[in-house]
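Protein chains: 2
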Amino acid sequence: MSSVCLSMEGGAAASTPAALPYYVAFSQLLGLTLVAMTGAWLGLYRGGIAWESDLQFNAHPLCMVIGLVFLQGDALLVYRVFRNEAKRTTKVLHGLLHIFALVIALVGLVAVFDYHRKKGYADLYSLHSWCGILVFVLYFVQWLVGFSFFLFPGAPFSLRSRYRPQHIFFGATIFLLSVGTALLGLKEALLFNLGDKYSAFEPEGVLANVLGLLLACFGGVVLYILTRADWKRPSQAEEQALSMDFKTLTEGDSPGSQ
Amino acid sequence: MSSVCLSMEGGAAASTPAALPYYVAFSQLLGLTLVAMTGAWLGLYRGGIAWESDLQFNAHPLCMVIGLVFLQGDALLVYRVFRNEAKRTTKVLHGLLHIFALVIALVGLVAVFDYHRKKGYADLYSLHSWCGILVFVLYFVQWLVGFSFFLFPGAPFSLRSRYRPQHIFFGATIFLLSVGTALLGLKEALLFNLGDKYSAFEPEGVLANVLGLLLACFGGVVLYILTRADWKRPSQAEEQALSMDFKTLTEGDSPGSQ
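Heads up: the protein sequence lines correspond to chains A and B, in order.
Under the UniProt record's numbering, read the first sequence as residues 1 to 258, first letter to last.
Under the UniProt record's numbering, read the second sequence as residues 1 to 258, first letter to last.
One thing to keep in mind: the hints can contain errors.
As a list, the in silico DSBU-like pairs of lysine-lysine whose alpha-carbon atoms are at most 35 Å apart [said to hold, decoys possible]: (1) K232(A) x K118(B); (2) K197(B) x K118(B); (3) K197(A) x K118(B); (4) K197(B) x K118(A); (5) K232(B) x K119(B); (6) K197(A) x K197(B); (7) K232(A) x K118(A); (8) K197(B) x K119(A); (9) K197(A) x K119(B); (10) K197(A) x K119(A).
Okay, the calculated beta carbon distance ranges per label pair [unchecked claim]: (11) D114(B) x R162(A): 50 to 60 Å; (12) V110(A) x L144(B): 41 to 51 Å; (13) D123(A) x D114(B): 43 to 53 Å; (14) V210(A) x L207(B): 30 to 40 Å; (15) A50(B) x F140(A): 42 to 52 Å; (16) L144(A) x K232(B): 24 to 34 Å; (17) F26(B) x F157(A): 23 to 33 Å; (18) H167(A) x F192(B): 33 to 43 Å; (19) P153(B) x F140(A): 46 to 56 Å; (20) N84(A) x Q166(B): 38 to 48 Å; (21) D114(B) x D196(A): 17 to 27 Å; (22) T16(A) x D114(B): 46 to 56 Å.
Some but not every residue of chain B turned toward chain A, in silico, with C-beta under 7 Å [what the hints assert, rightly or not]: (23) Y125; (24) L127; (25) L184; (26) K187; (27) L191; (28) G212; (29) G220.
For the record, the hints were derived by calculation from the structure and aren't laboratory data.
No residue lacks a Cβ here, since even glycine has one placed at the ideal position from N, Cα and C.
The shape of chain A in the complex, shown without the other chains (with noise of 0.2 Å):
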């Protein structure tokens, strides 16, 4: 019982540190800013989006900006933010925000894919798809292990602590690869079309090495975010309390069975 006391305590004393919501606000203004300049570059050098023609690739880098990076850096903030909120609603949000991730990164593999098929061109010989193949895969293999880790009630309570590290570290690492196989994305897009023009300082070279700087200080951000100190939700003895309370309502579980 010492530990749903602990747990009530938990609540009550997390208050939201006074630096927290302007970082979060800068993450997003920066976030926000990366899918439109990607929408912009897109849309001004490279004549916008459309399924059903040449213009299919184009959904490639717009989908796994949006989704691999900033979706899934809101799926790794959702912890600092909703501090004060129960933990399994946060847990649930933070499930189904690295879905819609996924999905949208899988739409955007689908629509590189099916443009290579359609012209012909050979797939993952470039060291951005095979950093963007093993992000994929590891994202995936991420997702599954955490949902039966932390939402499927059955994962003993001694292994979820000791797994709970693993996947943040992971899930920080998968988050940093994925910026970094975008900025290798970029890169490829800019020498593939843009040739000597880029090294002539052309708007469209200009316009992607700042996006490209803008995805490098989102992930600084979001890492700084995660990872100081003094920002983590409160105690892990409120953790501990409520997914023991979770298995006791879906399981019938006592809590002294751990």
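Given the structure of chain A, go ahead and fit chain B onto it with the hints provided.
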């Protein structure tokens, strides 16, 4: 005086976690493989390295992989590897490794600018070059600020402990940005030189893709060792006591004066 007692206790209690040496050994194996593979790539497919010819360019990737990836990564690991040495020794080693890395990176920077100048190529137009300059400037500033806070004996104690988490975060971020920049540079070198042959799975392309994955992997392993909570160097109290000690020795300052 109590902090000095803590220091001695901390020193005695500090034991090496069982799995840490294996991870460190793996990181070193990866790091050396990276350097060897970069050398092999440049030797087999790019004609080797020389300062006074077109091969001057090749000094750039090799210096950057040695300096800003391998040595910078190792400098971050110093506090995990030498956990039972005096903090002061570890600190000096950390600073020295970063200096070596900075000097080698400077040689790599001179190589590429000098090569561009001789060839009449434009400078600083690509995303790789923008990220590279950003990394270099941030790295230099981080070194200077780190030196003035932690090695130069004048910095007040409270400032040191407030700056420490920022120093660690920015250190890790600059390292990851270095790895990302190396990936962009590798991709650029492949697309410039291989062109259409890249999509035909030329051996050079495959070798360089594997090198890229290993670069990302090295970044991931260093980050894992660095962030794993139970692998952190024992108590902050120990560090405080030793910094105090250092101040006392160098300035004749009283430990009670903070």
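Tested hints:
About 52 Å separates the Cα atoms of K232(A) and K118(B), which puts this hinted pair outside 35 Å; it is violated. Distance check on the hinted pair: K197(B) and K118(B) sit about 28 Å apart at the alpha-carbon level, within 35 Å; holds. The straight-line distance between the Cα atoms of K197(A) and K118(B) is roughly 20 Å, inside the 35 Å bound, and the hint therefore holds. The suggested pairing of K197(B) with K118(A) holds, with an alpha-carbon distance near 20 Å, which does not exceed 35 Å.
Distance hint between K232(B) and K119(B) is unfulfilled; the C-alpha atoms sit about 48 Å from each other, more than 35 Å. Distance restraint check for K197(A) and K197(B): the Cα-Cα separation of roughly 21 Å lies within the 35 Å cut-off, and the hinted pair is therefore satisfied. At roughly 48 Å between alpha-carbon atoms, K232(A) and K118(A) are farther apart than 35 Å, so this suggested pair is violated. Of the supplied pair hints, the one linking K197(B) and K119(A) holds, its CA atoms being roughly 17 Å apart against a limit of 35 Å.
At roughly 17 Å between alpha-carbon atoms, K197(A) and K119(B) fall within 35 Å of each other, so this suggested pair holds. For the hint linking K197(A) to K119(A), the alpha-carbon distance of about 24 Å falls within 35 Å, and the restraint holds. Hint check: D114(B) to R162(A), Cβ distance near 53 Å, so the stated range 50 to 60 Å holds. Checked against the hint of 41 to 51 Å, the pair V110(A) and L144(B) passes, with Cβ atoms roughly 49 Å apart.
Between D123(A) and D114(B) the CB atoms are about 39 Å apart, so this pair departs from the stated range of 43 to 53 Å. Range check, V210(A) to L207(B): about 32 Å between beta-carbon atoms, so the 30 to 40 Å window is met. The supplied range of 42 to 52 Å is met by A50(B) and F140(A), whose beta-carbon atoms lie about 46 Å from each other. About 30 Å separates the C-beta atoms of L144(A) and K232(B), a value consistent with the hinted range of 24 to 34 Å.
Distance hint for F26(B) and F157(A): a CB-CB separation of about 31 Å, consistent with the stated range 23 to 33 Å. Between H167(A) and F192(B) the Cβ separation comes to about 40 Å, which falls inside the hinted range of 33 to 43 Å. Under the hint 46 to 56 Å, the C-beta atoms of P153(B) and F140(A), about 52 Å apart, fit the expected range. Under the hint 38 to 48 Å, the C-beta atoms of N84(A) and Q166(B), about 26 Å apart, miss the expected range.
Look at D114(B) against D196(A): about 22 Å separates their beta carbons, and that is inside 17 to 27 Å. The supplied range of 46 to 56 Å is met by T16(A) and D114(B), whose beta-carbon atoms lie about 52 Å from each other. For Y125(B), the shortest C-beta to C-beta distance to chain A is roughly 5 Å, which falls under 7 Å, so the interface hint holds. For the restraint placing L127(B) at the interface with chain A, the shortest Cβ-Cβ distance is roughly 4 Å, inside the 7 Å limit, so the hint holds.
Interface hint at L184(B): satisfied, since its Cβ lies 5 Å from the closest Cβ of chain A, which is below the 7 Å cut-off. For K187(B), the interface hint holds, the least distance from its beta-carbon to any beta-carbon of chain A being 5 Å, beneath 7 Å. Against a cut-off of 7 Å between C-beta atoms, the interface hint on L191(B) holds, since the closest Cβ of chain A lies about 4 Å away. Of the supplied interface hints, the one on G212(B) holds, with its beta-carbon coming within about 4 Å of a beta-carbon of chain A, less than 7 Å.
The interface hint given for G220(B) holds, since its Cβ lies 5 Å from the closest Cβ of chain A, which is under the 7 Å cut-off.
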